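S.K.: Here's the letter readout for the chains.
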Amino acid sequence: MKHRTFFWFILPTLSAMLLFIAIPIVSTFVQSLFIQHEQVLILSKNCGPFGCSETTSVDIEATKELRQGSHLGKFNGVGTYLNRSHLAFVEVGNAWVASKTFSGFLNEVLDLPFYGALMFTLTYTAVVTPLVLLLGLAIAIGVNGLPNMMKGPSIFVSLLPFLVTPLVGSLILFWMVDGDGIIGATIQLIFNDPNLSLKASTGLTWTMLIVYGIWHTLPFSFIVFYAGLQTVPVDTLEAAQIDGATKWQRTFYVVVPHLVPLISFVTLMLLMDNFRVFEPIVSFSAEAHARSLSWIIFNDLRESGNPLYGSAGATSMLTIIGVVLLLIPVLIRTWRDFKLRSL
Amino acid sequence: MLRFKTTVASAAFLKKLIMTGAATTLISSAAFAKDCGPSDQSIRILASDFPAIHAVAGTAEENCAANASEFTRNHTTEARQIMNAALTPNPAEYTSVIVANSTLTQLMNDGLVRPLNGLVEKYGADLPKNLMITIDGNIMAVAFMANSQHLFSRKDVLEKAGINNIPSTYSDMVAAAQAIREAGIMEYPIVMNMKTGWNVGESFNLAFLAHGGEFFKAGTAEPSVNSEAGIAALNTLKALVEYAHPDHLTQASNETQAIWEAGEAALGIMWGSRGSVILDNEGSSEQVTSNTVLSSAPSVEPGGIPGATLWWDGFTISKNVPDAEAEATFAALASALNADMVAANNDDAIWLLEGFKPGAAAEGVSATAQGGAAPYPMLPQIGLLHNALGAELADFLKGNESAEKALADVEAAYVTAAKEAGFLK
Amino acid sequence: MSRTARTRITFVSTLSFSLVALWLLIAAFPFAWTFWGSFKVQSDFFSKADWMYALWGTNTIKETGNSFTGSGYHGAWIVEGFWKNFLNSGIVVLFTVIISVTFGTLGGYALARSGFRYAFWILMAALVFRAMPHITLVSGYLLPFFEWNIWGYLPTTIIVLVAMNQPFTIWMLHSFFLNVPKDMDESAMVDGCTRFEAFRYVIVPVMWPGVITTALFSFLLAYNDFTVTVMLLSEENETIIPAINSFLGTTQVEGKVMYAVAAVVSVTAPILVLVLFFQRQIVSGLTAGAVKG
Numbered sequence: 001m002k003h004r005t006f007f008w009f010i011l012p013t014l015s016a017m018l019l020f021i022a023i024p025i026v027s028t029f030v031q032s033l034f035i036q037h038e039q040v041l042i043l044s045k046n047c048g049p050f051g052c053s054e055t056t057s058v059d060i061e062a063t064k065e066l067r068q069g070s071h072l073g074k075f076n077g078v079g080t081y082l083n084r085s086h087l088a089f090v091e092v093g094n095a096w097v098a099s100k101t102f103s104g105f106l107n108e109v110l111d112l113p114f115y116g117a118l119m120f121t122l123t124y125t126a127v128v129t130p131l132v133l134l135l136g137l138a139i140a141i142g143v144n145g146l147p148n149m150m151k152g153p154s155i156f157v158s159l160l161p162f163l164v165t166p167l168v169g170s171l172i173l174f175w176m177v178d179g180d181g182i183i184g185a186t187i188q189l190i191f192n193d194p195n196l197s198l199k200a201s202t203g204l205t206w207t208m209l210i211v212y213g214i215w216h217t218l219p220f221s222f223i224v225f226y227a228g229l230q231t232v233p234v235d236t237l238e239a240a241q242i243d244g245a246t247k248w249q250r251t252f253y254v255v256v257p258h259l260v261p262l263i264s265f266v267t268l269m270l271l272m273d274n275f276r277v278f279e280p281i282v283s284f285s286a287e288a289h290a291r292s293l294s295w296i297i298f299n300d301l302r303e304s305g306n307p308l309y310g311s312a313g314a315t316s317m318l319t320i321i322g323v324v325l326l327l328i329p330v331l332i333r334t335w336r337d338f339k340l341r342s343l
Numbered sequence: 001m002l003r004f005k006t007t008v009a010s011a012a013f014l015k016k017l018i019m020t021g022a023a024t025t026l027i028s029s030a031a032f033a034k035d036c037g038p039s040d041q042s043i044r045i046l047a048s049d050f051p052a053i054h055a056v057a058g059t060a061e062e063n064c065a066a067n068a069s070e071f072t073r074n075h076t077t078e079a080r081q082i083m084n085a086a087l088t089p090n091p092a093e094y095t096s097v098i099v100a101n102s103t104l105t106q107l108m109n110d111g112l113v114r115p116l117n118g119l120v121e122k123y124g125a126d127l128p129k130n131l132m133i134t135i136d137g138n139i140m141a142v143a144f145m146a147n148s149q150h151l152f153s154r155k156d157v158l159e160k161a162g163i164n165n166i167p168s169t170y171s172d173m174v175a176a177a178q179a180i181r182e183a184g185i186m187e188y189p190i191v192m193n194m195k196t197g198w199n200v201g202e203s204f205n206l207a208f209l210a211h212g213g214e215f216f217k218a219g220t221a222e223p224s225v226n227s228e229a230g231i232a233a234l235n236t237l238k239a240l241v242e243y244a245h246p247d248h249l250t251q252a253s254n255e256t257q258a259i260w261e262a263g264e265a266a267l268g269i270m271w272g273s274r275g276s277v278i279l280d281n282e283g284s285s286e287q288v289t290s291n292t293v294l295s296s297a298p299s300v301e302p303g304g305i306p307g308a309t310l311w312w313d314g315f316t317i318s319k320n321v322p323d324a325e326a327e328a329t330f331a332a333l334a335s336a337l338n339a340d341m342v343a344a345n346n347d348d349a350i351w352l353l354e355g356f357k358p359g360a361a362a363e364g365v366s367a368t369a370q371g372g373a374a375p376y377p378m379l380p381q382i383g384l385l386h387n388a389l390g391a392e393l394a395d396f397l398k399g400n401e402s403a404e405k406a407l408a409d410v411e412a413a414y415v416t417a418a419k420e421a422g423f424l425k
Numbered sequence: 001m002s003r004t005a006r007t008r009i010t011f012v013s014t015l016s017f018s019l020v021a022l023w024l025l026i027a028a029f030p031f032a033w034t035f036w037g038s039f040k041v042q043s044d045f046f047s048k049a050d051w052m053y054a055l056w057g058t059n060t061i062k063e064t065g066n067s068f069t070g071s072g073y074h075g076a077w078i079v080e081g082f083w084k085n086f087l088n089s090g091i092v093v094l095f096t097v098i099i100s101v102t103f104g105t106l107g108g109y110a111l112a113r114s115g116f117r118y119a120f121w122i123l124m125a126a127l128v129f130r131a132m133p134h135i136t137l138v139s140g141y142l143l144p145f146f147e148w149n150i151w152g153y154l155p156t157t158i159i160v161l162v163a164m165n166q167p168f169t170i171w172m173l174h175s176f177f178l179n180v181p182k183d184m185d186e187s188a189m190v191d192g193c194t195r196f197e198a199f200r201y202v203i204v205p206v207m208w209p210g211v212i213t214t215a216l217f218s219f220l221l222a223y224n225d226f227t228v229t230v231m232l233l234s235e236e237n238e239t240i241i242p243a244i245n246s247f248l249g250t251t252q253v254e255g256k257v258m259y260a261v262a263a264v265v266s267v268t269a270p271i272l273v274l275v276l277f278f279q280r281q282i283v284s285g286l287t288a289g290a291v292k293g
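Residue numbers (the working numbering), protein chains in the order written: chain D, 1 to 343; chain S, 1 to 425; chain A, 1 to 293.
Only chain D is shown next, with the shape it has when bound in the complex (with noise of 0.2 angstroms):
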């Protein structure tokens, strides 16, 4: 294609993610390099309908002189990279050097806000991201080996999880697995324990959160490999059972490698979306048990007062890294796919 047609083709896509992602991202980039001015506190009285009490408040003017030289602030550099809410070099340094075990310089580390939320984002992306895989491809061969008037209902309600938006799909399973609640009081009377609850401990809180990242993510990998099925080439099956393959031979043999450009996918869809797993902390309000990398960003952006954007653009782009990182095998398999096509 010509250089100008594939301009004009791609301008309008390339402007909108241009003007309200790109230019976001860099400048989110160029704000984490630099923190505050220094605020100037005076003393001051404070009177209200509860009496009057001593109090500081920030100068307007005297700060305002201070940032008259450079109003994105002072430049730190990487220095609120390496601070105690990102990287923390300092502090593992010090563990390292005052620790006498490694199993405690471990709990010094994951005890430093970023290095907890990447334990538990890690954990999360990497025990549901292949289970829903497998469980997908599993679900949709099973469908597809229904009968005809089953498949149609079945395909839709294997919809439903994914439909539903998770501010409120969460929430739902909330409250159901509140100990007052079906699946709650259900698994009390399971385990024959009416004291245990899912949202007490911290290992019971990881797999609620999983479970329902599996549940919430399974359709998108199901519909993915259904479709995919409707495509295996029929008579490369059929000479398959009839040089005498059996089920589990066709499936390992003929289906899967036929779908491995769909697992590529779906994997990369599936890694990039767990990373950045956020809206079930809050709904299932697991913050004491499990955070995430986003939702220390939402937590820098709305719960600090004054927002921290410095911070927050920080753990941005660590996240995006991140994402990036966990990436690079599947994007090195579509380089290569991408050259061989261009031939």
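Simulated from the structure, these hints should not be mistaken for laboratory data.
Here the structure is a predicted model, which is why all the values come from computation and not from measurement.
Some clues are possibly wrong.
Straight-line alpha carbon distances no greater than 20 angstroms define the calculated SDA-like cross-link-like pairs of lysine to any residue that follow [said to hold, decoys possible]:
#1 D:Lys-64 - S:Lys-319
#2 S:Lys-419 - D:Phe-29
#3 S:Lys-398 - D:Asn-107
#4 S:Lys-405 - D:Arg-84
#5 S:Lys-238 - D:Ala-200
#6 D:Lys-2 - A:Thr-194
#7 D:Lys-100 - S:Ser-402
#8 S:Lys-405 - D:Gly-116
#9 A:Lys-84 - A:Ser-266
#10 S:Lys-425 - D:Glu-65
#11 S:Lys-217 - S:Glu-404
#12 A:Lys-256 - D:Phe-174
#13 D:Lys-100 - S:Lys-405
#14 S:Lys-319 - A:Leu-142
#15 S:Lys-155 - S:Ala-175
#16 D:Lys-2 - A:Arg-195
Chain A regions said to be covered by chain D (calculated; three or more residues, Cβ under 8 angstroms) [as the list claims (entries may be wrong)]:
#17 26 to 39
#18 272 to 281
Have a look at the derived ranges for each label pair, beta carbon to beta carbon [stated by the list, open to error]:
#19 D:Cys-52 - S:Gly-212: 14 to 24 angstroms
#20 S:Pro-322 - D:Asp-59: 18 to 28 angstroms
#21 A:Leu-94 - D:Ile-23: 25 to 35 angstroms
#22 S:Lys-160 - A:Val-79: 32 to 42 angstroms
#23 D:Lys-100 - A:Met-124: 40 to 50 angstroms
Built from N, CA and C at the ideal position, the CB exists for glycine as well.
Model the placement of chains S and A on the given structure of chain D, informed by the hints.
M.R.: Relative to the frame of chain D, chains S and A by itself:
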């Protein structure tokens, strides 16, 4: 027989709070009832989604919308997240924001609201003087309602467990909870808002203030929560949650209120604004509502500082708007703060205005205020400390960390954030 | 012989059947439960005494005389004006889908047909763009939008949703276009069409199922969005998800939870209808393009 502060005494205190300053007015309020200020101005208000705030802003709209060229109200749960960005440009997106202690600080940190002294003289001369939130003599906001946390008790359960007095100190509370558990009435009699995040940070603040703690070293932004008072506060919390449901780290007001209304708790530290909803006829049984007693928040020593923070809600006027718009907005909102509006919405809030008839639901807040509770601190850097507390205390409450380590983590997290925000070098 | 082999009930096929049945139960149950519960009162559906109240409607009978009540729906749709939010969502979704698919098909087609290196790098860049957490982006939009006075309006939100969805859209559509043989448009161009005419009159009609699938994903993104709509819309322009969020109350003030439950059910119903309707197209669309990944 159960003894507790009488309704009459608390109501009297509340009236005192309201009336201070009203006695100095010479002109009757009727004359100022509908002075809407300059006409044909644009009035744009940002507020949160509380019924009481709807009442105030709605009355302002009724009174003065005809006088204005446009009158818009945006009641949103996101008010706190968007207010700074909304008020920064010139002209600002909103001419007024309805704030509370913490959000006023947030706006003042960026210099986004204007002093109201002149406007108060012109349009609010009949408003009680103590409604004015002043910083160094500048009136930055006009408050109209109050709130705080306090103690809720089920007197029938207490009696059954052999406790004849409503607990007034933390140790009384723990002793009562223990008695209730040992009598086999309830396993988890205590409810508190301990959800990780803002709520658990606030619960720490309550206990910390009761122990006489200072958040920062005087006049500076250096934290001083890792102190005797801080450790004592954490130990108090630990002792209390021993008797709370194991899910307490996920429970905020909606959950604790539901537990209370289901009759599954006997002692609770909850918000006063939930009082009227708990005492009403919906969602609860007769036994629970008739036996729920609202009293002052518990203190450490008998008669000491109640473990609570006092909150007010009020309105401010943006700085980056034309003076005429500011005047019209102020006039409209000031006109809404009258006895008729309060009478029409009496139970929606604990009003600081004339005409408020404090009911049973207001007893807890007035007793707490009367007991000398501290207002939520209006320090510029308190939001960062509150956030650090909210994030780092979970480990201690789960039993994974000592109190000293938890508070050290809190201070380290706060220092990191404060350095970024420019409060510390 | 192959026929009998296929219909024989083996251990594997029973296992597979039970797995599917279990999954269907797990997938549908929460919604069926919520649907049932939306016709009860709060003290039944969220009963702390006995979850079975939700089944029999014990308190619903006590409070309203009937074991089913429409009070949640009435409260949400009429008292709280949820129908306005629904209308807003309708507008947002309609325009987001149309614009997103238009931009996406043009871009995806170009990326599929260009053989040059830069096409690959644009796709990679799109992946990196998708990795950026949305909340950071939206917080960054606040100040510029307020300064340019475009905050709070539906068109702004529509454009933001379109832009944020583009990476996923162009990835999906470019792989669909890869499946359409090059000869089709090349022969059209030989016959005298410009590139655009070939695209519009020859390729797109063939690709229709793929477009439907992408439209569905765009629809879901716009319909179910929370992060963007909650921060960029003022109260009167709110769409359905922020409205549901506002029914849930805050720490100081009680919410109206049954309104939220009724609203949730109302929100899910149209999606179900849509999927039911377009089910076959979705599957064939995914078939057409998804194989190449």
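S.K.: Given a hint of 14 to 24 angstroms, does the C-beta separation of Cys-52 (chain D) and Gly-212 (chain S) actually sit inside it?
M.R.: holds (19 angstroms)
S.K.: Between the alpha carbons of Lys-100 (chain D) and Lys-405 (chain S), is the straight-line distance 20 angstroms or under?
M.R.: holds (18 angstroms)
S.K.: When you check the alpha-carbon spacing of Lys-84 (chain A) and Ser-266 (chain A), does it fall within 20 angstroms?
M.R.: holds (13 angstroms)
S.K.: Taking 8 angstroms as the Cβ threshold, is the statement that the segment 272 to 281 of chain A is covered by chain D upheld or broken by the three-residue rule?
M.R.: holds (count 4)
S.K.: Hey, Lys-405 (chain S) versus Gly-116 (chain D), does the alpha-carbon distance stay inside 20 angstroms?
M.R.: holds (16 angstroms)
S.K.: Do the Cβ positions of Leu-94 (chain A) and Ile-23 (chain D) conform to the proposed distance bound of 25 to 35 angstroms?
M.R.: Given about 27 angstroms between the Cβ atoms, the range holds.
S.K.: Keeping to a limit of 20 angstroms between CA atoms, is the pair of Lys-217 (chain S) and Glu-404 (chain S) held or broken?
M.R.: Holds: Lys-217 (chain S) and Glu-404 (chain S) sit about 18 angstroms apart, inside 20 angstroms.
S.K.: Has the given pair, Lys-425 (chain S) with Glu-65 (chain D), been kept, meaning a C-alpha gap of at most 20 angstroms?
M.R.: holds (17 angstroms)
S.K.: Take a look at whether the Cβ-Cβ distance between Pro-322 (chain S) and Asp-59 (chain D) falls inside 18 to 28 angstroms.
M.R.: holds (26 angstroms)
S.K.: Is Lys-238 (chain S) within 20 angstroms of Ala-200 (chain D), Cα to Cα?
M.R.: holds (15 angstroms)
S.K.: For the pair supplied as a hint, Lys-155 (chain S) and Ala-175 (chain S), confirm whether the alpha-carbon distance does not exceed 20 angstroms.
M.R.: At roughly 15 angstroms apart (the allowed maximum being 20 angstroms), Ala-175 (chain S) and Lys-155 (chain S) satisfy the hint.
S.K.: Falls inside 32 to 42 angstroms, the C-beta gap from Lys-160 (chain S) to Val-79 (chain A)?
M.R.: Given about 40 angstroms between the Cβ atoms, the range holds.
In summary, the structure agrees with every hint in the numbered list given earlier.
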